[in-house]
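Whole structure, please, built from the sequences with the hints as guidance.
Protein chains in written order, with the working numbering: chain A, 1 to 128; chain B, 1 to 270.
Hints in this document: simulated from the structure, not taken from any laboratory. For clarity, every value in this text was computed on a predicted model and none was experimentally measured. Be careful, since some hints might not be right.
Unchecked claim - Facing chain B, according to a computed beta carbon distance under 8 Å, are these residues of chain A, among others:
#	residue
1	A13
2	F82
3	M102
4	I104
5	A110
Unchecked claim - In silico DMTMM-like links for lysine to aspartate or glutamate, alpha-carbon gap of 20 Å or less:
#	chain 1	residue 1	chain 2	residue 2
6	B	K204	A	E100
7	B	K201	B	E161
8	B	K204	A	E67
9	B	K204	B	D229
10	B	K204	B	D231
11	B	K245	A	D93
12	B	K201	B	D166
13	B	K245	B	D227
14	B	K245	B	E255
Stated by the list, open to error - Here are some of the chain B residues that sit facing chain A, going by a computed Cβ distance under 10 Å:
#	residue
15	G50
16	I54
17	E55
18	F61
19	S127
20	E145
21	D149
22	C178
23	P206
24	F209
25	D221
26	A238
27	P242
Glycine included, C-beta positions come from ideal geometry on N, C-alpha and C.
Chain by chain, the residues run as shown.
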Amino acid sequence: MHELSLCESIARAVTREAAGRRVSSVRLRIGALRQVVPDTLTYCWSITSRGPILDGSVLEIEHVPAEIECHGCGTRSQLSRFNVSCPGCGGNDVAVVAGEEMLIVSIDVAETPDLSAKPPDQAAAERH
Amino acid sequence: MGRFHRHDDGTVHTHDHDESSHSHGTEEHPGHSHDHGQDDLGDHSGYATGRARIEILEDIFSENDRCAAANRAAFDAAGVRVINLMSSPGSGKTTLLQRTLADLQDRLRVGIIEGDIETPIDAERLSGYGAQISLLNTGNGFGGECHLDAPMVARALAALELNTLDLVLIENVGNLVCPAEFDVGEHRKAMVYAITEGEDKPLKYPVMFRSVAAVVINKMDLAPYLDFDMDLFRRNLATVNPSAKVFELSARTGEGVAAWVAWAVGTSLP
Numbered sequence: 001m002h003e004l005s006l007c008e009s010i011a012r013a014v015t016r017e018a019a020g021r022r023v024s025s026v027r028l029r030i031g032a033l034r035q036v037v038p039d040t041l042t043y044c045w046s047i048t049s050r051g052p053i054l055d056g057s058v059l060e061i062e063h064v065p066a067e068i069e070c071h072g073c074g075t076r077s078q079l080s081r082f083n084v085s086c087p088g089c090g091g092n093d094v095a096v097v098a099g100e101e102m103l104i105v106s107i108d109v110a111e112t113p114d115l116s117a118k119p120p121d122q123a124a125a126e127r128h
Numbered sequence: 001m002g003r004f005h006r007h008d009d010g011t012v013h014t015h016d017h018d019e020s021s022h023s024h025g026t027e028e029h030p031g032h033s034h035d036h037g038q039d040d041l042g043d044h045s046g047y048a049t050g051r052a053r054i055e056i057l058e059d060i061f062s063e064n065d066r067c068a069a070a071n072r073a074a075f076d077a078a079g080v081r082v083i084n085l086m087s088s089p090g091s092g093k094t095t096l097l098q099r100t101l102a103d104l105q106d107r108l109r110v111g112i113i114e115g116d117i118e119t120p121i122d123a124e125r126l127s128g129y130g131a132q133i134s135l136l137n138t139g140n141g142f143g144g145e146c147h148l149d150a151p152m153v154a155r156a157l158a159a160l161e162l163n164t165l166d167l168v169l170i171e172n173v174g175n176l177v178c179p180a181e182f183d184v185g186e187h188r189k190a191m192v193y194a195i196t197e198g199e200d201k202p203l204k205y206p207v208m209f210r211s212v213a214a215v216v217i218n219k220m221d222l223a224p225y226l227d228f229d230m231d232l233f234r235r236n237l238a239t240v241n242p243s244a245k246v247f248e249l250s251a252r253t254g255e256g257v258a259a260w261v262a263w264a265v266g267t268s269l270p
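Next comes the structure, spelled out in structure tokens:
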């Protein structure tokens, strides 16, 4: 539901890291427990990624399924619905070990800075 | 602004982005291309396509989380404990806060951060109990933000004198999705849930229900008129959050409110 504000955070971090170079793709790793709708995120990126650094860049979203690990019996299991009962022993002393990721993994940029591009600070300021 | 970078070989390092230019020892970290200083542009002989990959590995929430940590440090420095109160719209958060303030008046110095959408109606309902109230309208008159984030709470702190308070209650925006994602610097998260919402919501919004230390089950005075199955609700809650404290109460009649207030006060003790 807050995909637009997520995209604004992503745009700020990516613009800073790109240091004036044009960005072609942004790889994200997002866990199933982060309540993000990938299509909505992609749509919001098309709105957020205006300007010389980010224009035309695409999001590549790697989805990470939710997994729990039981402290009692050590069973590690993937979840399709959230449930803290261990399928191995029925105990509920479990830890979420995957599915909460929310990372910008890497970006691809042109090797040389786009001289027509404005400095990242100015480009970021103009987006707001 | 040092940040952690994790590499495939398992090494982790931090570096400072405030420097205008830097590069990493490539002997130490082969394959690492996180160089964005102007000096080393053009030194990418391995990239025939004219593109470079920059590894970032930064949490998308890192900006928010840094701000939340600063809020928490400000609360701790002032000796204030903070509860972030979340719910769907219409569950009775504001009525519960009204009851809570009436109960704590002259006992505990309370501040309220009121983050609900659009009108100052809630803040007006909460005035008159001696609490400091900071109103954060999250919309422009036609709906608005779906959650509070840490920078919004940081802005709200300007209207509170933290040094004169014991407990701050944050009334988040009514929504069972987004508020669960944003750490605002609170010490505890709690939910208000009305029995008019049915038994199934813990299964539909597990991230929210899992995030809280306590669930207030409100509108118990309506139980005789509803088919609400409390055992089923509690089973569903235990499926996602077996350790949550549960308080059954009616904010309208006041019945059961004392146990919730005792928990909130207990939370305010370090």
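Okay, the hints, checked on the actual structure:
1. A13: With a closest approach of 6 Å, the A/A13 hint holds.
2. F82: holds, 4 Å
3. M102: holds, 5 Å
4. I104: Holds. Min distance 5 Å.
5. A110: holds, 6 Å
6. B/K204 <-> A/E100: holds, 17 Å
7. B/K201 <-> B/E161: With a Cα-Cα distance of about 37 Å, the restraint between B/K201 and B/E161 is violated, given a limit of 20 Å.
8. B/K204 <-> A/E67: With a Cα-Cα distance of about 18 Å, the restraint between B/K204 and A/E67 holds, given a limit of 20 Å.
9. B/K204 <-> B/D229: At roughly 17 Å apart (the allowed maximum being 20 Å), B/D229 and B/K204 satisfy the hint.
10. B/K204 <-> B/D231: holds, 17 Å
11. B/K245 <-> A/D93: Between B/K245 and A/D93 the Cα gap is close to 16 Å, so the pair holds against 20 Å.
12. B/K201 <-> B/D166: violated, 33 Å
13. B/K245 <-> B/D227: violated, 23 Å
14. B/K245 <-> B/E255: holds, 17 Å
15. G50: holds, 5 Å
16. I54: Because about 5 Å separates B/I54 from the closest Cβ in chain A, which is inside the 10 Å limit, the hint holds.
17. E55: Result: holds, 5 Å to nearest chain A Cβ.
18. F61: holds, 6 Å
19. S127: violated, 30 Å
20. E145: Holds. Min distance 8 Å.
21. D149: holds, 7 Å
22. C178: With Cβ-Cβ at 5 Å, under 10 Å, it holds.
23. P206: Holds. Min distance 4 Å.
24. F209: holds, 9 Å
25. D221: Violated - the Cβ of B/D221 stays beyond 10 Å from chain A, reaching only about 31 Å at its closest.
26. A238: With a closest approach of 8 Å, the B/A238 hint holds.
27. P242: holds, 5 Å
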